[in-house]
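Trainee: My request is simple: use the sequences and hints to build the entire structure.
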Amino acid sequence: MKTFNPDAMGEKLLRRFAGGTSRRGILSRLGLALVAAPAFPLLPVSRASAAKPDRSPEAKTAFARSAQTTDDTKCTYWRYCAIDGSLCACCGGAVNRCPPGAEHSPVSWVGTCINPGDGRAYLIAYRDCCGKSYCNKCDCDGTDRETQLYVPQLNNDVIWCFGTTSMEYHCSTAVLVGTA
Amino acid sequence: MYRKVQAGLGALLVGVLAAQGFRRFRQKGPGQMKMMKVQGKSSLSVMGRNTAAAVCALALFGGVPAARAADPLQPDPELEAVTLSAPKPSWIFVERGFVMPGNAIYDTDTGKMLGLIEASELSDMEIDPAGKAYYISESIWTKGWRGTRQDMITVYDAATLKLKTEIAIPGRILIDSRKFNFILSDQGKTAYVYNLDPASSVNMVDLAKGKFIKKIELPGCASMMAVTGIGFSALCSDGSLATVKTAGAKPEITRSAPFFSATNDPIFDNFGYDRAKQQVVFLTYTGQVYTAKLGATPTVAEPFSIQAAAGVPAGETKPLVVNWYPGSRQGNAYHVASGHLFVLMHMGEYWSHKASGTEIWDLDVAAKKVVKRIPLEEPADRIAVTQEANAKIVVTNDAGTLVILDANTGEQKSSIKRAGSGLIRTVEP
Chain A
0 MKTFNPDAMG
10 EKLLRRFAGG
20 TSRRGILSRL
30 GLALVAAPAF
40 PLLPVSRASA
50 AKPDRSPEAK
60 TAFARSAQTT
70 DDTKCTYWRY
80 CAIDGSLCAC
90 CGGAVNRCPP
100 GAEHSPVSWV
110 GTCINPGDGR
120 AYLIAYRDCC
130 GKSYCNKCDC
140 DGTDRETQLY
150 VPQLNNDVIW
160 CFGTTSMEYH
170 CSTAVLVGTA
Chain B
0 MYRKVQAGLG
10 ALLVGVLAAQ
20 GFRRFRQKGP
30 GQMKMMKVQG
40 KSSLSVMGRN
50 TAAAVCALAL
60 FGGVPAARAA
70 DPLQPDPELE
80 AVTLSAPKPS
90 WIFVERGFVM
100 PGNAIYDTDT
110 GKMLGLIEAS
120 ELSDMEIDPA
130 GKAYYISESI
140 WTKGWRGTRQ
150 DMITVYDAAT
160 LKLKTEIAIP
170 GRILIDSRKF
180 NFILSDQGKT
190 AYVYNLDPAS
200 SVNMVDLAKG
210 KFIKKIELPG
220 CASMMAVTGI
230 GFSALCSDGS
240 LATVKTAGAK
250 PEITRSAPFF
260 SATNDPIFDN
270 FGYDRAKQQV
280 VFLTYTGQVY
290 TAKLGATPTV
300 AEPFSIQAAA
310 GVPAGETKPL
320 VVNWYPGSRQ
330 GNAYHVASGH
340 LFVLMHMGEY
350 WSHKASGTEI
360 WDLDVAAKKV
370 VKRIPLEEPA
380 DRIAVTQEAN
390 AKIVVTNDAG
400 TLVILDANTG
410 EQKSSIKRAG
420 SGLIRTVEP
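The listed protein sequences derive, respectively, from chains A and B.
Residues in the first sequence are numbered from 0 upward in steps of one, following numbering that gives the first Met the number 0.
Residues in the second sequence are numbered from 0 upward in steps of one, following numbering that gives the first Met the number 0.
Source of the hints: derived by calculation from the structure; they are not laboratory data.
Remember, predicted model here, so these are calculated numbers, not experimental data.
Do not take every clue at face value.
Here are the simulated DSSO-like pairs of lysine-lysine, each with C-alpha atoms no more than 27 Å apart in a straight line [to be verified]:
#: 1; chain 1: B; residue 1: K416; chain 2: A; residue 2: K59
#: 2; chain 1: A; residue 1: K136; chain 2: B; residue 2: K317
#: 3; chain 1: A; residue 1: K136; chain 2: B; residue 2: K416
#: 4; chain 1: A; residue 1: K59; chain 2: B; residue 2: K353
Mentor: Here's what the structure looks like:
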C-alpha cells in the first residue's frame, strides 16, 4: 500500500536540488545578489515603505492592521490570522496547548501572520485539539491567505485531527513554528 | 358565536372536573382495584360519566345546545409515520449546522418542514436522480466518537426516510459545508467520495450493486464534477482542472493548462454546475467568473469580473482596497435553466472571502451582466436557488434563520427560524 512518506519526499527533493546545482553556481549567484543589493533601496516601492518595519503586503490586511499581542482569548490576537474554530485558550487550554484530556493533532494547516510587536511574519501551525466534543467558545475565523480545499494545508475548514486516537474536533491552537 | 363556544367549553370543563371528582370518590372505596381494571380495558364508562356531567353542567350554566358539546374527541388511532413523495424542485435540504447531525427537508412553497434525513455530523448528501433514495456519505464510530471508525454511504428510502442499506467505503474527508466532496454520476449508478487522510484520493462506489469499486489517488486536487462517460473533473492546487477517466483498471488523470491562481486568487470550491450540459461556472475570491465546458479535454473560457458586470471597479488582490467582493461559506448558487448565478456580495477588503453577504447579485452569466442587486435585511452566510421555472432564492445565516425570496423580483416570501445553519442543497436536474 502506498502511504504518505515525508522522508522519502524530502530526500528526493534534496537529491534533485543537489543534482541540479553546483558550488560555483551558488557562489556566482551569491556574488550577484551582493552586488545588486544596494540598488534595491533606490526603488520607489522600497522608499515609500522604508519607514515601516515590515514591507510585505501581508502586513496590510485588515486583520494585521487591528491585530494585538496581549490577549490570546480574542479573535484579534495576532497568531489567529488564519484560524477557524474555537480557541483552545478559551476552553481550558492555551494558545499552543490543548485543554485537559484533549489530544494535539500532529499535523495541521498553516498560516503566515504578522506580529505587530516586531513587524515580522511568522509561520503558525494551527494544530487542532481532538478527542472531545466541540468546545464552542470563542469561535474565530481568520481568513488571511486562507484558500480552498484543493490546497488543504492552507484551508481552515478541514477537520485536522489526523493521527489522533479520535477524530472528534474540540478546539484549535496556534503554535509558532518560526519566522516565515 | 365565540362567546357561546367559550361558555360551552367552560361548562364542559366543569363537567369533566365533576366527573373526575366522582371517580376519585369511587377509587377511595373497596372497589378501587376492579374499577382501575375496567378503566384500563375501556374508557367507555368514564366517557359516559364525563358526558353526563357535561350535560348537567350545560343545563346549569346554559350555553351551546347540548348535542354539539356532547361529542367528545375520539382517541387517536394507531397511525403509521407520514411518508413523502419523490423530491420536488421546490424542496430544499438544509444541513442543521457545524457538528450537528441531520438534513432537514423544507418545502419552499409552504415554508414547512417535511422531515429529517438522518446523517452523522460532517456528512454529505446526494439525491438519487430517480427520486427513490437519499444517499448520505458519513463516518460513525462504534462507541460514539470513540472505537472503530466506519465510513459508509448510507441509503435511505425517499418515501419513508427509513434505512435501506449501508455501503462500506475505506474513508472520506471530514469537513463542513462542501457540495462537491460526494457526487453521483451515470444517472446515479456511480458515486465518488473525496477522501483526505491527509493524502487526497477518491473512493469510487457502484451504487447499483451497492459495492465499493476502487480508490483513486488524486494528489493536489479536490472538489469533483461528474463528467458523463469519463468519470470526473476536479480543481487542482496548480490552478488546473484534472480530468479522471475512471473506467479502466488504472485510472487516467490528465490536467488542463493552469488557468487560475490557487493561492493568490482561488476559485471558491462551492461553484455552479449544470450536469446535463457539463457546464461549470467558477467564481474566484476577487470576483472573476470562469465558465468551463467539461469533457475528455475541458475548455475554459476567458474570465470576466462580476464587479465590472455590475458597473463597479473590478476586484483586486491588492491590500487596502475596499470594494464589493463575493464571499461567505456557500456564496453562490446557479440556476441551470436561466443561466443566472446568484452571488452573496459584501463590502470589504481582499481576504474577506468568508464574510457574510449583504447583497445578492443576480448575474446573467452568458450576457456577462449583473441584472439585479438585492439588498438583504440580515447578512447571509449561505445561498441556494431552487431549479423551478419560477425560481426561489434561499439564504440562511449562522443563527439558522432561513429566508425565501422570489428570484425574479427579489421579494421576501417567507422565513423560517432555526431552520439550520449548514449547507443548503436543492433538487438539481
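Trainee: Could you run down the list of hints and mark each one as holding or not?
Mentor: Results of checking the hints against the structure:
About 39 Å separates the Cα atoms of B/K416 and A/K59, which puts this hinted pair outside 27 Å; it is violated. Proximity of A/K136 to B/K317 is assessed by CA-CA distance (about 33 Å); at most 27 Å being required, the pair is judged violated. Note on A/K136 and B/K416: the hinted pairing holds, with a Cα-Cα distance of about 23 Å set against a maximum of 27 Å. Annotation: proposed proximity of A/K59 to B/K353 holds, straight-line Cα distance about 18 Å (limit 27 Å).
Going through the hint list in order, the structure does not satisfy hints 1, 2.
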